[in-house]
Each structure stands twice: as C-alpha cells, then as structure tokens.
Amino acid sequence: MQQRFRQRIFVSLSAGYESATYFSAFNGVDLNRTDDYYYLQVAIDTNITRFWDIGFYYLHREDTSSLEAFSFTDNQFGIRSSLIF
Numbered sequence: 372m373q374q375r376f377r378q379r380i381f382v383s384l385s386a387g388y389e390s391a392t393y394f395s396a397f398n399g400v401d402l403n404r405t406d407d408y409y410y411l412q413v414a415i416d417t418n419i420t421r422f423w424d425i426g427f428y429y430l431h432r433e434d435t436s437s438l439e440a441f442s443f444t445d446n447q448f449g450i451r452s453s454l455i456f
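Residue numbers (this note's numbering): 372 to 456.
Hints are not guaranteed to be accurate.
Simulated DEER-style distance windows between Cβ atoms [what the hints assert, rightly or not]:
| hint | residue 1 | residue 2 | range |
| --- | --- | --- | --- |
| 1 | L454 | T405 | 39 to 49 Å |
| 2 | L454 | G399 | 34 to 44 Å |
| 3 | I455 | D401 | 46 to 56 Å |
| 4 | F443 | N398 | 21 to 31 Å |
| 5 | F443 | A396 | 18 to 28 Å |
| 6 | W423 | S395 | 15 to 25 Å |
| 7 | L430 | Y393 | 48 to 58 Å |
| 8 | S395 | D445 | 57 to 67 Å |
| 9 | R379 | V400 | 17 to 27 Å |
| 10 | S436 | S385 | 18 to 28 Å |
| 11 | Q378 | T405 | 40 to 50 Å |
| 12 | F397 | R375 | 46 to 56 Å |
Think of the hints as simulated: they come from the structure by calculation, not from any bench. Virtual Cβ for every residue (Gly too), placed ideally from N, Cα, C.
Let the sequences and hints guide you as you build the complete structure.
Okay, structure coming up:
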C-alpha cells in the first residue's frame, strides 16, 4: 500500500505471511518442521529528480519454527535509491 503526500513524497507499507512445512527426503530421518514467517516494512521515498528516487525503510522479519534452531527475528534499517530510464 502506498500513499503520496505533497507531490514528491511517498509513504508505503507492505506486509506478508507464509506458512511452510518441510519434510525429510531420506527414509528413517525424522527432521520434519513447520515454519511461520512474516514481515512488515515501512518506507518513505521521495523524488530527487524526474529520473531519480531515494528512500529510507524499516523491515521487521520473524520466523517461528517448530525446530528452535531455525527461528529468528531480524530488524533492518536502510537507504535505497533508484534510477529510472
């Protein structure tokens, strides 16, 4: 979802969820697991020129797994830029 403010500023929000089931490919090995993964991203972008955008974002990711070794929580802050031809 994206909302434009003041002609050149864009605020966006994106989110997602995935449920994945993994199973062993070998007989006799019981390493099955289920993961629930989601992310949430908030971003602010602006047009520097007609062909150049720059923005800042925050991304939160989390995976809850039935095997604790595969669970994680991650937070990222970043700067992005794009040139449009």
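Quick rundown of the hints versus the structure:
Taking the beta carbon of each, L454 and T405 are about 42 Å apart, inside 39 to 49 Å as hinted. The given range of 34 to 44 Å is broken by L454 and G399, whose C-beta atoms sit roughly 54 Å from each other. At roughly 51 Å, the beta-carbon separation of I455 and D401 lies within the given 46 to 56 Å, and the hint holds. The hinted range of 21 to 31 Å is satisfied by F443 and N398, whose Cβ atoms lie roughly 30 Å apart.
At about 23 Å, the beta-carbon gap between F443 and A396 stays in the expected band of 18 to 28 Å. A hinted range of 15 to 25 Å is violated for the C-beta pair W423 and S395, which are about 49 Å apart. At about 24 Å, the beta-carbon gap between L430 and Y393 misses the expected band of 48 to 58 Å. For S395 and D445, the hinted distance range of 57 to 67 Å is not satisfied, since their beta carbons lie about 27 Å from each other.
Remark: the range hint 17 to 27 Å for R379 to V400 is contradicted by a beta-carbon distance near 56 Å. For S436 paired with S385, a C-beta distance near 23 Å keeps the hint of 18 to 28 Å intact. Separated by about 46 Å at the C-beta atoms, Q378 and T405 satisfy the suggested range of 40 to 50 Å. At roughly 53 Å, the beta carbons of F397 and R375 sit within the given window of 46 to 56 Å.
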